[in-house]
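Single-letter residue listing:
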Amino acid sequence: ETAVFQTPNYHVTQVGNEVSFNCKQTLGHDTMYWYKQDSKKLLKIMFSYNNKQLIVNETVPRRFSPQSSDKAHLNLRIKSVEPEDSAVYLCASSHGTLANSDYTFGSGTRLLVI
Amino acid sequence: GQQVQQSPTSLVLQEGENAELQCNFSTSLNSMQWFYQRPGGSLISVFYNPSGTKQSGRLTSTTVIKERRSSLHISSSQITDSGTYLCAMEPGNMGYKLTFGTGTSLLVDP
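First to last, the protein sequences are chains A and B. Using the numbering used here, read the first sequence as starting at 879 and increasing by one per residue. Using the numbering used here, read the second sequence as starting at 466 and increasing by one per residue.
Don't read these hints as lab results, they were simulated from the structure. Mixed in with the good hints, there may be bad ones.
What the hints assert, rightly or not - In silico DSSO-like cross-links for lysine-lysine, where the CA-CA straight-line distance does not exceed 30 angstroms: (1) Lys531(B) x Lys922(A); (2) Lys919(A) x Lys949(A); (3) Lys531(B) x Lys949(A); (4) Lys531(B) x Lys919(A); (5) Lys922(A) x Lys902(A); (6) Lys918(A) x Lys902(A); (7) Lys919(A) x Lys902(A); (8) Lys519(B) x Lys531(B); (9) Lys949(A) x Lys902(A); (10) Lys519(B) x Lys919(A); (11) Lys902(A) x Lys957(A); (12) Lys919(A) x Lys930(A).
Claimed, not checked - Sample of chain A residues at the chain B side, in silico, Cβ under 7 angstroms: (13) Phe883; (14) Leu920; (15) Leu921; (16) Met924; (17) Ser926; (18) Lys930; (19) Ile933; (20) Val934; (21) Phe983; (22) Ser985.
Where a beta carbon is used, it is the ideal one built from N, C-alpha and C, also for glycine.
All chains, full assembly: derive it from the sequences and hints.
Pasting the structure below:
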């Protein structure tokens with residue numbers, strides 16, 4: 879099956895803990911993304927990687943760090959989570975920039991910080 | 466301010482009615498795309514439509530890049546069309562990211 883796979887689906891943790899989310903795509907794409915969807919459903923780009931290289935790094939707190947071992951994997955680590963980090967984190971992939979309609983999202987990781 | 470404005474914010478239809486969703490962009494863009502999201506679900510691409518009109522079944526998208534707007538028309542709505550419709554643009558000054566609108570929440574009642 880070709881798709882974007884995210885783990886875990888849900889994660890509950892306490893303030894100050896460290897969490898890691900995994901994302902893998904089997905579509906043969908060369909660009910991967912992390913988006914954050916807040917409680918109002920607004921999606922915002924966090925990071926973009928093209929062939930393991932960081933291309934886009936929006937205004938994201940330093941406790942967030944993406945990690946890419948190859949173009950099929952893009953993980954996200956959050957050191958010392960805070961309550962405002964509670965959200966759904968969506969991974970996506972595509973061929974290069976948005977030159978066609980192959981933009982594909984994973985099912986998301988829902989994080990709750992208590 | 467918000468670069469991508471969607472209207473209406475929410476919409477309730479009776480099954481069989483038509484819907485018109487609007488998306489307006491405040492900055493230049495290379496292309497735009499419509500996505501569909503069920504509650505708790507992933508985003509699914511509905512249309513990649515950088516310009517002109519595209520149709521797929523009961524859905525029609527029209528984008529006028531020069532006027533920085535796009536619309537999504539749903540004809541003969543069905544209960545399964547319920548969910549959130551999001552439009553997104555690729556900014557003209559930089560690729561490798563999408564800027565999303567806040568979405569239109571659609572509920573189709575039987």
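Consistency of the hints with the structure:
Between lysine 531(B) and lysine 922(A), the direct Cα distance comes to roughly 24 angstroms. Compliance with the 30 angstroms bound is thereby established for this hinted pair. With a C-alpha separation of about 28 angstroms, the suggested pair lysine 919(A) and lysine 949(A) falls inside the 30 angstroms cut-off, and the hint holds. With a C-alpha separation of about 35 angstroms, the suggested pairing of lysine 531(B) with lysine 949(A) is violated against the 30 angstroms cut-off. As the CA atoms of lysine 531(B) and lysine 919(A) are separated by approximately 28 angstroms, the hinted pair is consistent with the 30 angstroms bound.
Using a Cα cut-off of 30 angstroms, the hinted pair lysine 922(A) and lysine 902(A) holds, with the two alpha carbons roughly 20 angstroms apart. The suggested pairing of lysine 918(A) with lysine 902(A) holds, with an alpha-carbon distance near 26 angstroms, which does not exceed 30 angstroms. This hinted pair checks out: lysine 919(A) and lysine 902(A) have alpha carbons roughly 23 angstroms apart, not beyond 30 angstroms. With a CA separation close to 17 angstroms, the supplied pair lysine 519(B) and lysine 531(B) stays within the 30 angstroms bound.
Taking the CA atoms of lysine 949(A) and lysine 902(A), the gap is about 9 angstroms. The hint holds against a cut of 30 angstroms. Taking the CA atoms of lysine 519(B) and lysine 919(A), the gap is about 26 angstroms. The hint holds against a cut of 30 angstroms. Restraint check: the Cα-Cα separation between lysine 902(A) and lysine 957(A) comes to about 21 angstroms, which is no more than 30 angstroms; the hinted pair holds. Between lysine 919(A) and lysine 930(A) the alpha-carbon distance is near 28 angstroms, which keeps this suggested pair within the 30 angstroms criterion.
Restraint check, phenylalanine 883(A) versus chain B: the minimum CB separation of about 11 angstroms is more than 7 angstroms; hint violated. Against a cut-off of 7 angstroms between C-beta atoms, the interface hint on leucine 920(A) holds, since the closest Cβ of chain B lies about 5 angstroms away. The closest approach between the C-beta of leucine 921(A) and any C-beta of chain B is roughly 4 angstroms, which is under the 7 angstroms cut-off, so the hint is satisfied. For methionine 924(A), the shortest C-beta to C-beta distance to chain B is roughly 9 angstroms, which exceeds 7 angstroms, and the interface hint is violated.
Taking 7 angstroms as the C-beta contact cut-off toward chain B, the hint placing serine 926(A) at the interface holds, the least distance being around 4 angstroms. Interface hint status for lysine 930(A): violated, as the beta-carbon distance to the closest one in chain B is roughly 14 angstroms, over 7 angstroms. Against a cut-off of 7 angstroms between C-beta atoms, the interface hint on isoleucine 933(A) holds, since the closest Cβ of chain B lies about 5 angstroms away. For valine 934(A), the interface hint holds, since its Cβ comes within 7 angstroms of a Cβ in chain B; the closest pair sits about 5 angstroms apart.
Because the closest C-beta pair between phenylalanine 983(A) and chain B is about 4 angstroms apart, less than 7 angstroms, the hint holds. Hint status for serine 985(A) relative to chain B: holds, with the closest Cβ pair at about 4 angstroms, below 7 angstroms.
Of the hints listed earlier, those the structure fails to meet are numbers 3, 13, 16 and 18, in rising order.
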